[in-house]
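Make one complex out of these two single chains by using the hints.
Take a look at the letters that make up each chain.
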Amino acid sequence: MRKSPSETTRQRALPADAPQAVYFPACVQTMFGPATDGTCGVQVGFEQLCERAGITLLVPTGIDALCCGTPWSSKGMADGLATMSHKTLAALRAATGEGELPIICDASSCTEGLRHIIDGDTSARPLTVIDAVEFAATHILPILSGYQKIESLALHPTCSSTRMGINPALDTIADAIAEHVEIPENWGCCAFAGDRGMLHPELTASATRAQAADVVAMGATAHASCNRTCELGMTRATGKPYRHVLEILEEVTRP
Amino acid sequence: MSTTTVSAEAGSTVFGALRAAVADPARVKTRAIDLYANAHDASHFLLIPQAVVVATDAAEVGALLCAAAAQGVHLTFRSGGTSLSGQAITDGVLVDVRRNFKNIEVLDDGLRVRVQPGATVRAVNTRLAKYGRKFGPDPASESAATIGGVVANNSSGMACGTVDNTYQTLESVVVVLPSGTVVDTGAADADDQLLKREPVLYNGLLELAQRTRSNAASVATIRQQFSMKNTMGYGVNSLLDFDRPIDMLAHLIVGSEGTLGFVAETVFRTVPKLPHVTTALLVFPGLEAATAALPALVATGAATLELMDALSLTVGQQMPGAPAIVLDLVVQEHAALLVEYHAESPEKLAQLLETGMQTVNTLGLTLPADFTTDAGIRGQLWYLRKGIIPAVGGTRPQGTNALLEDIVVPVPALARTCMELISLFAKYEYENCMIFGHAKDGNVHFMLTDDFGSPTGLERFSRFTEDLVDLVLGEGGSLKAEHGTGRVMAPYVQRQFGDELYDVMRRIKVLFDPAGLLNPGVLINDDPNAHLKDLKAIPAVAKEVDRCTECGWCEPVCPSRNVTLTPRQRIVSLRAIEQARLDGNLALMAELEKDYEYDAVQTCAADGMCQTACPVTINTGDLMKRLRRDDANPVEKAIWNVAAKNWGTVTRVAGVALNVVRTVPVGVILAPNKLARTVLGTDAVPLYSPELPGGGASRKRAAVTTAPRGRPSITVEESETSHA
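Chains A and B, in that order, give the protein sequences.
The first sequence lines up with residues 1 to 255 when you count with this note's numbering.
The second sequence lines up with residues 1 to 724 when you count with this note's numbering.
Only chain B is shown next, with the shape it has when bound in the complex (with noise of 0.2 angstroms):
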């Protein structure tokens, strides 16, 4: 793990200034496992924070930023930390804006949303349900990933293609720039305010617009880059679509990748959420039949084509609760489209349904075509897809790690990409390399497992990265469709877009952050090995947690997660203790265990959770369990198996003990409970409050307890346990 540390001295003038620009200066947190903990995202790139700050409004995202420009360290903002490219991960400050920014408000009945960055895409889904409206971008990874995300990254998703994505679906922003300055480009007088308060950007911004379009050859690269779903580089379609400096500063916000600015509270537009769907899962002999196919579905009008390749369906066929169609298929060479028809009636699906049957049953396909409305097995077939990606991840060999490539080009070329591809991964001998995605935008997944930090794993990754790059600009794709450039591709957002448009997005990065403030090294980087450097190591810690792929859609569930850790950092963090073990750091090591006690093994609330949006079904929960385990005292472990011997005796002791309690004046239980809990452990006394109720009753009954009327015959079937 690469870490780039301040000096001790330096270090208390920069958090200093620091906590004096938050409210709480308990907010500006430094503990090794602060840092550690959150560090990770979901990228295989890492680094160490010196600081991680948990901002609570946009004036005090302001007024970090006005600290971090005078003490020269950068800032990176963090919501989810679902981002794969490696955009959310910093060696200088890393400020939380998911704890404290979730408001959501419906506006008009539902037609409009305003959002903070913390909230997740499914509780603003949640809130428009009921207005049979829903949120335009649809990540996969919609349980955990936040609006923050969502627009830095300009998230698309399964069903939304270039129509309902962010860039399209955004009315306003809120933005904090790096000089401080709070523009709403909702206001009225927005475009006013902005040329009164930062002429330079606005200047610049309407020159680069002119210099863009009166370029014919960039007008035309921008118009055919951004027909596909397109994540690589500043969004300078923003230049084109827009003639207002307030706008293109707006869209250009979007995608961005927190380089330009802080967006503190997003409008949106919503879509109408078709309840009538329809879902099948079409399975087809080959790659190539199913990817020719595409052409023929999408003029179906279907809402998504959702491919899956062998592998995939293989590894679907591991998961908990694998659809029957999956389960039931011996998989050989085989490729599956999960298409999904959405209308707004039974009878407009009837119709849908059956000009899509006429196309559907001309494909050739292995099994017969089984559309159902069923919510059950449409939840399985979903969940099988939006569970590949970790899934793969977490079918990984031990201490390798997995990298998720995500790919777009017109999808006449789609099926020749793919089968490049596959050459590809035999060329450099990649192996499990499922390829699977949104393939009704040419827009696919396919993920490389490696151990990319050893010598020849990192050799094979650049000459691969080279031939794809290849492969894709060729077929005139782009690198990165829908999660970001990051640091993965950055080196390459040059030779995609061409010098002049490459220029202009250098000059955008200028014109919003002249200082470099904001995440540098993401989106535009100068290093053309920037995609070789800081990569993650996992080493082996734990049985129950080593597949984890650090994805992080157990955080939004966890009870602790707003007091101590989540799962994901609970397990981070142990991989931190191991990686500063084997590298010898035994001071580190120590720090880290030293509050790895309370605030991962303590405060675990042990719930499962976690395991129910796991999707390699991790319970952490039952690892730190194991490590009370193994930290329990004899003593106390002595107890409690007297304890279970005499059950009975306990529980109407303690039955007793609380009505006892509720006697007395609640002071007179509180001084001596809090002294037991001083001498003996918080984690072994507990805390009573007068809200208590008194104490129960026996449980035990006369040998058989309610009088018979006839006898109903009593049939019980196993009941669903989703993770027995």
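If we strip away everything but chain A, and leave its shape as in the complex, we get (with noise of 0.2 angstroms):
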């Protein structure tokens, strides 16, 4: 039996080697948590996956306390938006040694946003953000095996794997987890929109009417996506638990 996230603490002694990258969790997680009881949600799917290839991560220190800024961009509050990402940019260029390592993001839309703030900062070496998807893709996938794939999986790209062009990565991931991969004929942005779709329901009621039918008529095993927010929706849209793509890769190859 695993624990719940909240008994699961992730202390471990100071490991000899430095890390090989920053890990920004996404602070969507600390407000919504997994989506049914008894799953890890993404962020100790992510790390565990890690540990099995032998990577070590860095979380920026007070990462508590930083997100990418999307709340207050996507809200038109320009001087929240400024205070965010003067934050979140000291604390990620501190934790990079100024750029030396990558920075993995958890969250697609928190990806796009993370590049946004560092689109808009000139003052230093530039900063490099992935997305965990994309990484789970190029270092994770070929060292995991001898595992048995489930059988479907409805897969939810987002507005942001589609912008950002990863969604190549997030369609090889999914098919390392499961027999049959299917996105529905009626896919589109779910409308979300961070907490959008909690002001506006009808919004996302809207987007995803034609969708979550296709959906439902799957039957699928399980439902994926890569973006906490996202998965709230669509799991509103279908009433399946939407989760993370690397949070049910993790417990599908696990050991």
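To be clear, the hints were calculated from the coordinates, so they are not data collected in a lab.
Since the model is a prediction, treat every value here as computed from it, not as a measurement.
Do not rely on the hints blindly, as some may be mistaken.
With a cut-off of at most 16 angstroms between alpha-carbon atoms, the simulated EDC-like pairs for lysine to aspartate or glutamate come out as follows [said to hold, decoys possible]:
| hint | chain 1 | residue 1 | chain 2 | residue 2 |
| --- | --- | --- | --- | --- |
| 1 | B | Lys130 | A | Glu182 |
| 2 | B | Lys427 | B | Asp470 |
| 3 | B | Lys102 | A | Glu185 |
Some chain A residues well away from chain B (every beta-carbon gap over 12 angstroms; in silico) [to be verified]:
| hint | residue |
| --- | --- |
| 4 | Arg93 |
| 5 | Gln148 |
| 6 | Asp175 |
| 7 | Glu179 |
| 8 | Val181 |
| 9 | Gly219 |
| 10 | Glu251 |
| 11 | Val252 |
| 12 | Arg254 |
In this text, a Cβ means the ideal position worked out from N, Cα and C, and glycines have one as well.
Written out as structure tokens, the structure is:
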């Protein structure tokens, strides 16, 4: 029986080796926990995968107070965005050794948000942000073997994964999880858009109606996306528990 | 912006009748924002409808036709709104047949497909892909163009030519006639039924067929004109090609631009999707060399031969993800042909290419021909070609409008015609007129940009058009190959086909629609200056969106498209607000602004999906976010700034709150939650719903997280950001 995330302590002795990447877990998972009780959430899942691959991650100091800035940007809150960008960029510059290490983010919208605030930052050596999905497809998938795929997976690419061009990596991960991967014919952005789906539920309801019907008709074994709030949006629309694709990958490939 | 409005009293009667015709009266929309947001299509014309009705099925359209007839108002059907000739706008009642007519039914393992008018060409092709089949017509706007418009305009495209266009691939249609009669031309007894239920139409078609067949000049004109792509006037070739009136009817509906009936459903034969494809951009020293090479290249069996002139290539260089061959070219007088060969097997493809190269090697190209099967590069080449129309429109000077011409001449006359066109551009001092298009079929497009609304702009366009008509008709060509006659060429149908065939066309309209209920002014128009009226004004509104050409490609990917507005509608509504301000119409301005806040600003997901579809990479979400910034009240702004400073606490408290919420009944939360939304606004306070999970855990970790085992080195390549 696995411990629930709140019981899990990730404290461990300081390793001898230096980290190979900076890990920026998205703040949405502090607000919104795992899809169902007893599942671990993307952060623990991704950390487990990295551990198996022998990859050492560094989570920036003060992570709980940091965010990619998207909530402020999408609400048009310029002052708040400036405040948060400043804080987060400073923490990332410190953690990455002024851009020496790449940054990995585990929510596609936040990966895109981080790239935006980095674009606006001209003062330092450019920071590099990659999405955890892309990272896992390149660096983790090759070491995973000897496991049983699940039968089918309903996949929800997000607006950000589409915009960033990482859907091929998302497909690769999905294909490693399930024998059959299906994206609904009426796929589209779920419009949950951070909290917009909670401010204007009719927006998400309208955006997801047709694809939700497709998903329900599929009757897939599992349901995955790559961004926590989109997972919430799709869960609301379909009644199926959507989880991060890497969380499911970790579970399926667990030795 | 011109608008005809009925008086309030007459309006309420008309609206009442329309509301009675549909199941849900709320689907008859008359708010100013509904009218102005929906008014625009991709053309350079603009009329403001009196009402916008979202129809659900053929029966409802029948009822709307009866109501419109009784009230003396006219109807125009609109689906994708990507048409360019002014055929999908109206000052009557606009009927949206995109939202609810989306069914696609694959028949006979993909050999045939039954489709409703609201489905996009891309959606149909997505469904057909697994059967190794595709839809015949292949317009460049396939991501947004819908079947309704494809049928209404006899759409063709890059590869299909006149062999696999709408007219050729259509098997049957379900049509709602202006009388309210619903005809399924695929039914076994359809011809008998037509005779029984619409005897005047049935016998009228027979008479017209007889009249046309017995006139040698008419037969010769039709055969010559329809040997090319041709969307001028009605498809009178139907009168020669078919013997039964029901089949004439089905094929006259093709290309009738919504003036003869409503197409509720269509069955098409599909064409094989040849899986093996090789593509190259052949770069020539000049336009003359490129067009002169056409007959030889057509003979090699090329599936596509897309022409792009020097200006097209220059514009293409500025598009995101432009192919290397274009980026590396120092464009002078160059012209290029995008050549593609399709085959069912790699061996067949190799053979085709080998033969092709024998010809290609004799053409004196500027750069060596580099055929590729690489999907990525091929995608770039096609993105370049498909994006030219809107991208060129997007580079126009502010305050000007873009007008796209679509001419066809016999292939041997194409080089000469292009040279003459360039002289005309010089004569009338039109700048930046690139020529591009489907050279294989003798069909090219060019774009004029001007302030057509100004007296000098209008005069210039009027005189240029006269010369253009003389040039194209002098070469035995057609003034509209595939974009439809619309309003822009309606005054010239008579000159192109002659008095006799024009009279036949007028008679067709009267037979189908004696009361003139459907889309008046389109295709047949007695006003010799119809093409110079109701031109769209495009006032500058915001730097993020001013280059928008209103092409509509963003609409199918927008998540708010079925609840409030699309990106195009957000932009055109803003333009309407600005135009109202310029016109001093403050009442209209206020009315539009009142609804803009929710319909446009609050319900934009700001997900940037529109940018992925936009040929000029507009992210309408960026503008909506800026408007939120300008709108945000100071208290809310300050609170969010405090939140930024204390984000750890905020996220933790939110997480704890979600855990607490889960321990009490949902009703206990919802009542105060809804009250707060009422008091503080639905755009500020989220609505809780019970499927939300509990809160999450802290993200904090010890200095370094996972235990190292060896150190695989991590190299990170900058991932592709399509619109960084």
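Each hint, compared with the structure:
no.	hint	result
1	B:Lys130 to A:Glu182	holds (13 angstroms)
2	B:Lys427 to B:Asp470	holds (15 angstroms)
3	B:Lys102 to A:Glu185	holds (12 angstroms)
4	Arg93	holds (17 angstroms)
5	Gln148	holds (24 angstroms)
6	Asp175	holds (17 angstroms)
7	Glu179	holds (17 angstroms)
8	Val181	holds (14 angstroms)
9	Gly219	holds (19 angstroms)
10	Glu251	holds (17 angstroms)
11	Val252	holds (19 angstroms)
12	Arg254	holds (15 angstroms)
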